[in-house]
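Model the placement of chain U on the given structure of chain Z, informed by the hints.
Protein chains: 2
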Amino acid sequence: MSDLPRSVHLYEQGPREGFQFEKGPIPTARKIELVDSLSRTGLKQIQVCSFVPAKNVPGMADADEVAAGFKRHPGVRYEALSLNEKGLERAITSGRFDTTGIISLTASEAFLKRNQKRTLRENYEAQHGMIEMYQRHNVPVDRGSIMAAFGCNFEGDISVERVLNVTQQIFDLAEEHGLTIKTLNLSDTMAWATPLSIKRVIGAVRDKYPEQRLSLHLHDTRGMAVALAYAGLEMGVAIYDACVAGLGGCPFAAHKGAAGNICTEDLVFMCEEMGVDTGVDLDLLIEAARLAEDIVGHPLPGSVMKGGTLRALRKKVRAAA
Amino acid sequence: MSDLPRSVHLYEQGPREGFQFEKGPIPTARKIELVDSLSRTGLKQIQVCSFVPAKNVPGMADADEVAAGFKRHPGVRYEALSLNEKGLERAITSGRFDTTGIISLTASEAFLKRNQKRTLRENYEAQHGMIEMYQRHNVPVDRGSIMAAFGCNFEGDISVERVLNVTQQIFDLAEEHGLTIKTLNLSDTMAWATPLSIKRVIGAVRDKYPEQRLSLHLHDTRGMAVALAYAGLEMGVAIYDACVAGLGGCPFAAHKGAAGNICTEDLVFMCEEMGVDTGVDLDLLIEAARLAEDIVGHPLPGSVMKGGTLRALRKKVRAAA
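Protein sequences, first through last, are from chains Z and U. Per this note's numbering, numbering through the first sequence is continuous, rising by one, with the last residue being 321. Per this note's numbering, numbering through the second sequence is continuous, rising by one, with the last residue being 321.
The reader is advised that the hints may include incorrect statements.
Note: identical chains are not told apart, hence a pair may lie in one copy or across any two.
[Unchecked claim] Computed cross-link-like contacts, SDA-like style, restricted to lysine to any residue with a CA-CA straight-line distance of at most 25 Å: (1) K199 to M274; (2) K117 to V317; (3) K44 to M274; (4) K208 to Y124; (5) K208 to R90.
In case anyone wonders, no lab produced these hints; they're calculated from the structure.
The shape of chain Z in the complex, shown without the other chains:
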């Protein structure tokens, strides 16, 4: 009946993206509570926190405590974000994470210059150091990531050719260091994508690298995220980053009042209702979403936690019959 993938893998990033973005302060115990709640939903991969300098991201100052406090659930892969050796060492030392290295490039030079004071070339060269750092610590590197792959607030539209060039650079870096990129993540960092550009960019990457497994990182700033994920599903993409309750946002993107990442439970709802297995218990995930709302203390953008599931309505209909 459909060409959609039979199942998808969701990489939950709510605790990291969300608590990084919130003005806070959020008590450490409550951050741990959310991670533990998410662990019970059937999600197989959760990004718990980031090990970054507290002066840059105050919301992550308690990352070591969060790392120490959450309960590891069998079958779940736990991750932490780190951007330098200090952070990586904190992640490894905690002994709590399934640490993986990422070759991360950015398709927009203007974004790089603004946020990392680097040119595209300098950023490419800097990846050698990052890869060597991972290798020094025996951390496997099997992911690639392209930020701003669909457009940039500071550079404007990003051409498909640029994305293809950056993709090739990731493969070149991997090859030079004897690595294989299992998953390449395309990130719509600043919410420039449309369903059509998702199809065009993914189509172009697929044409050139037909065997490459792809994943998508989507933001809902302009209300497009679920439609973008649907376009991704139609292109066979079966891995999505997502944030419970729609937590998150990019603090560097200069948006005001903008929505965060694609909402995990809305994505799970769409997938499950279309027969695409997520492995996630939607009711438990909605519980986690409501918990997230309670923790941040303001409404979050997720829709299904407010509108309710169809499973609940079907049950009510059957009971009334």
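The following block gives chain U in isolation, referenced to the frame of chain Z:
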């Protein structure tokens, strides 16, 4: 590059759907202000109000005053909803509307029984009376509408066969009265649709009635509306009902805290960014959306009015270059 329609026609229903749903009271002058604001955006069809008993829908008690007060803009088709002869006469008497009759059936018998105390058969028979009423008043009848076409909170899933049967009933009614249905509207009244079910239902209707022009009425209760519209666009549907700022909701659907209709400016954003012409000035529409928020006095769900347009960002990028 794409098979999407070159252009779409948007039927703005914010003033009617929105002010019907709001707890109110909203001053008449402000309702008129919104209609006038929408008239300047390039929208070609606006539903201004409904002529229904004030005891059922208190928010429409001032429909006659709203009708008398708004400024008709050349090239815009203005509509009012009426459900019986009294309402139709009010609409006609006002002399302010481009009144058209609709053959309206509902795919869910449980919904009909609950809200109109009718069976499917009784509702079918009642349409004869409605059509004769329109004809008595020389009102052209050239639209059909199927409510609850994708599922129902009180009946559950609705089969494609049911939708096809109801579609045929509309054509039978039309034929019996010497009418032609120019546009058939499929309504996801209670937000049960997925992008996949949009494609399946529209595909089935298309297979049986390849020449029939279709339109979609979508709700965003579960965050799917933009994705549903994208699925509709991929199926070639080029007419969408929408509500500025995401105003609206169905007061009879027993939802709590649920979002309203598909947001006009989010839909315009998606279409224009994909090269699908809407004829609408997005900046003026965002102004109208902000006005709607100001009028109802609480945040409305539209995203683009908060996240901003890409056109504005592109302009900023060019200016900085």
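Quiz prompt | Which numbered hints fail | solution = 5
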